[in-house]
Amino acid sequence: MAISKKELREDVENHVKRAFQSKEDIFFTMVHMDYFDEKINKEWLKQVIEETYMAKLKEEEEWEEKTDFDKLAEAFDELSTLGIITLHTAGADVNDGDETVLEVYESLGVYQYKAIGCCFYHHQDLDRLIHGGNVLFLAFGDLHYDEEKNLVIGHKIVEVLNRKGLYTEWNQKRNARIQIVNFSWQKRFDTEDWGRNRTAKFLTKD
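Sequential numbering from 8 applies to the sequence shown in my numbering.
Calculated directly from the structure, the hints in this document are not laboratory data.
Every clue listed holds true.
Here are the in silico distance ranges between beta carbons for each label pair:
#	residue 1	residue 2	range
1	102	158	19 to 25 angstroms
2	45	169	46 to 52 angstroms
3	154	204	26 to 32 angstroms
Where is the CB? At the ideal position from N, CA and C, for every residue including glycine.
All chains, please: the whole structure from these sequences, using the hints.
Take a look at the structure:
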């Protein structure tokens, strides 16, 4: 079912707040959604994206030089060098994330031996943040579902996150996710590749 201009504008704001796509990619994504109403003027949509994008750039000027996202990105990159597959916005939910982890693992080929675990957050986790939340939930685990190794990997993830300046809560119970608390989603627009190729790049280094 097609959505209204008001709803479309809200969707644009969400894409811009996430900041994982360029203006051009946001436009392409939205006009190819099933709910996009072909009666809506595409030039109007481009203008809305441009206005929202520029407003966010203005907001970014007031941010700290290093944001919580920057700290998270540094932590994920370091964890990747330690053999932990790390993924930003890995699908819609935990099941999607698990499937993406498996796809990354299978793509590593002869480097599969380097991968020992995973850590990710998904779209719903991110959307809670951009709508006023302040906790980022991280799913993680051993790739072969070994509970003792799960704990080891969890402790390593927490250690790296804390060292980067992020605050965590984790009760160490089975299937409990790590929480990064007091987390403010402030991601600047950039040209980095935040997809699955990023973690694979670190895992396939000789």
